[in-house]
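Engineer: Take a look at the letters that make up each chain.
There are 2 protein chains.
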Amino acid sequence: MSEPAFIAVDWGTTSFRLWLLSRSGAVLAERRSAEGMTTAMRTGFADVLQAHLDAIGAPADLPVLVCGMAGARQGWVEAGYIDVPASLSAVLEGAVRVPGQTRDVRILPGLAQRDKGAPDVMRGEETQLLGALSSGDSGEKLVCMPGTHSKWVTVKDGGVTRFATFMTGELFEAISKQTILSHAVAEAEAFTGEHEAFTAAVRDIYAHPELATNRLFTLRSGQLLHGLAATDAKARLSGIMIGLEIAGAHSQAKRETPVVLIGSGALGALYEGAFTALDIHYTVIDADDAVRRGLLAAANAIWP
Amino acid sequence: MSEPAFIAVDWGTTSFRLWLLSRSGAVLAERRSAEGMTTAMRTGFADVLQAHLDAIGAPADLPVLVCGMAGARQGWVEAGYIDVPASLSAVLEGAVRVPGQTRDVRILPGLAQRDKGAPDVMRGEETQLLGALSSGDSGEKLVCMPGTHSKWVTVKDGGVTRFATFMTGELFEAISKQTILSHAVAEAEAFTGEHEAFTAAVRDIYAHPELATNRLFTLRSGQLLHGLAATDAKARLSGIMIGLEIAGAHSQAKRETPVVLIGSGALGALYEGAFTALDIHYTVIDADDAVRRGLLAAANAIWP
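Taken in sequence, the protein lines are chains W and E. If you count the first sequence from 1, position 180 lands on 180 in my numbering, and the numbers rise without skipping. If you count the second sequence from 1, position 205 lands on 205 in my numbering, and the numbers rise without skipping.
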């Protein structure tokens, strides 16, 4: 039988996920809640964590490893950033111990790119990277982590050479809810990454990224002049934002660099559709698996 | 002394402007209010107009020429669209008479580009064009009309060959108020088109438009890593949005095509700064003058 060895926690801005893991990574218990950093800042990080540990009856001496926004300046304890270029093992070495806790609780740092022209930060995604890439990986890869603030990371021989954040998800939300285009997409139904309006927009913007804010207006003018349907309009909006992101990510790397997509669910499927439409070779890793595996690898290294 | 000859009205979504004009264009009286289409849809277009005519004591038989959103489907009387390519004189010929009025009230149509790949519409800006370009103009020009939905129009030998709308102003508002970047720009002070963060962002995005949604994130990461000041952040945001618009507009025309900027105030000055930063040759026409002159030219043609 698997013995519990670590508690692994992915503590984001708006979500909290906890796993009780064996040394080999078997999941012995799991907790999920909406007590992300925003909530925990008010109710107390230690109390939120303890309530979940109590709920699963976690042994008192088990260490806890945390990644994500809990390590931000406004989080529980600031865990700083490791500067890129960096090897992924540098992330493990930068773990910060939370003071005043009986239990050994540590928070992993984020990554920072201090380049004045392209400053960038990530917190949480570095742990997904750790879980998605095996240490023996060689050659160059582009790792894509879609979301509110999508991350594209260039990984070479197990180290991060550079990365870029694209505000795709947040802009998609703001545009579809807070602009004149909200009327065009209000009645939209679900669509997939194979939807023709989506793939056409991805290809159009990948080829002409400079026309992004013009093409957005075609959601309105297409509705006025050609009766563009709401679902097509929303699929086009999504294709414009994702196509622009991929064009930007590719401008910083060779087009033929293999892409590793760390994604799941409907959003992951949209990116798969976009990559297929653009003939980009990709492989997929589940985002949940990746962060859990990353926390496991780090925990095994910190508490051997 | 100048005799009153026409009433000219620019009736937009959120603003109403009226001038009492002589045949030669002398302004004999003027009214401005916030009773744009949105307000007039509720209170009645005829009543809003009559109140302003009463206030200036307009003679009962004077004709009224209107341009702008009052001619939209949800406006007073739908004035339709003239399809491009079109000569500007086609706009005059498309004026629609408002039924049931004792006075001769006409509304000018908009312009439509029915191209399935780049559908576009304008309503009101066609009248600014009419006022800004003299009928004897030859050669090709790019006319830039900045705003919530900026318009770029390619004019050749007095006719409109194509145009494109960019959602620059509306996206600037949504991004600076409705996203995580709102914190970075909240305390910003006024800046000009010569501000270094603005011109640097214009040049960067003009050269790399595909990185627009990545560069937006640098308002946040620049603040975290380098203490980017709020005014610099807001200037950078403005430079990203305007630089992207100019890159898009230039992708549809020759870079050396002369630009006519129909603009005024702080926004016009930002575009002047951007054009200077990009070494783009431009001339400026005041937006208010342009629409009034366009209405005058149309009125003189309709009521000779």
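Be aware that one or more of the hints could be misleading.
Note that identical chains are pooled: a pair holds if it fits in a single copy or bridges any two copies.
[Claimed, not checked] Derived pair list, reagent style DMTMM-like, types lysine to aspartate or glutamate, alpha-carbon separation capped at 25 Å:
(1) Lys-177 with Asp-286
(2) Lys-116 with Glu-196
(3) Lys-116 with Glu-189
(4) Lys-141 with Glu-189
(5) Lys-156 with Glu-189
(6) Lys-116 with Glu-194
(7) Lys-177 with Asp-137
(8) Lys-254 with Asp-204
(9) Lys-116 with Glu-187
(10) Lys-177 with Asp-61
(11) Lys-156 with Asp-288
(12) Lys-254 with Asp-279
(13) Lys-141 with Glu-93
(14) Lys-141 with Asp-157
(15) Lys-141 with Asp-61
(16) Lys-116 with Asp-204
(17) Lys-177 with Glu-196
(18) Lys-116 with Asp-286
(19) Lys-177 with Asp-157
Simulated from the structure, these hints should not be mistaken for laboratory data.
Engineer: Taking the hints in turn, state whether each one holds.
Structural biologist: Against the structure, the hints:
In the homo-oligomer, the alpha carbons of Lys-177 and Asp-286 never lie at most 25 Å apart, since the shortest distance is 29 Å inside one protomer and 34 Å across protomers. Proximity of Lys-116 and Glu-196 under a CA criterion of 25 Å is satisfied inter-copy only: 14 Å between copies versus 39 Å inside one chain copy. With identical chains, the CA atoms of Lys-116 and Glu-189 are at most 25 Å apart between copies only, with a shortest distance of 22 Å across copies and 42 Å within one. Taking the closest pair of Cα atoms, Lys-141 and Glu-189 never come within 25 Å of each other, the shortest separation being 35 Å inside a single copy and 42 Å across copies.
Taking identical chains as interchangeable, the C-alpha atoms of Lys-156 and Glu-189 are never at most 25 Å apart, the minima being 40 Å within one chain and 43 Å between chains. For the identical chains of this complex, Lys-116 and Glu-194 are inter-copy neighbours only, at 20 Å across copies versus 39 Å inside a copy, given an alpha-carbon limit of 25 Å. For the homomeric pair Lys-177 and Asp-137, neither the shortest alpha-carbon distance inside one copy (42 Å) nor that between copies (43 Å) is at most 25 Å. Taking identical chains as interchangeable, the C-alpha atoms of Lys-254 and Asp-204 lie at most 25 Å apart whether they share a chain (20 Å) or sit on different chains (20 Å).
When the C-alpha separation of Lys-116 and Glu-187 is checked against a cutoff of 25 Å, the pair qualifies only between copies, where the shortest distance is 22 Å, while the shortest distance within a copy is 42 Å. In this homomeric assembly, Lys-177 and Asp-61 never come within 25 Å of each other (Cα to Cα): the closest approach is 47 Å inside a single copy and 46 Å across copies. For a Cα distance limit of 25 Å, the shortest separation of Lys-156 from Asp-288 inside one copy, 23 Å, qualifies, whereas the shortest one across copies, 57 Å, does not. In this assembly of identical chains, the alpha carbons of Lys-254 and Asp-279 lie at most 25 Å apart only when taken from the same copy (14 Å versus 31 Å across copies).
In this assembly of identical chains, Lys-141 and Glu-93 lie within 25 Å of each other by CA distance solely inside one copy; the values are 24 Å within and 60 Å between copies. When the C-alpha separation of Lys-141 and Asp-157 is checked against a cutoff of 25 Å, the pair qualifies only within one copy, where the shortest distance is 9 Å, while the shortest distance between copies is 52 Å. In the homo-oligomer, the alpha carbons of Lys-141 and Asp-61 never lie at most 25 Å apart, since the shortest distance is 39 Å inside one protomer and 75 Å across protomers. Taking the shortest alpha-carbon separations for Lys-116 and Asp-204, only the inter-copy value of 13 Å comes in at or below 25 Å, while the best intra-copy value is 31 Å.
In this homomeric assembly, Lys-177 and Glu-196 come within 25 Å of each other (Cα to Cα) only inside a single copy, at 23 Å, whereas the closest approach across copies is 33 Å. For the identical chains of this complex, Lys-116 and Asp-286 are neighbours neither inside a copy (33 Å) nor across copies (38 Å), given an alpha-carbon limit of 25 Å. In this homomeric assembly, Lys-177 and Asp-157 never come within 25 Å of each other (Cα to Cα): the closest approach is 42 Å inside a single copy and 41 Å across copies.
Violated hints, listed in ascending order, are 1, 4, 5, 7, 10, 15, 18, 19; each of the other numbered hints is respected by the structure.
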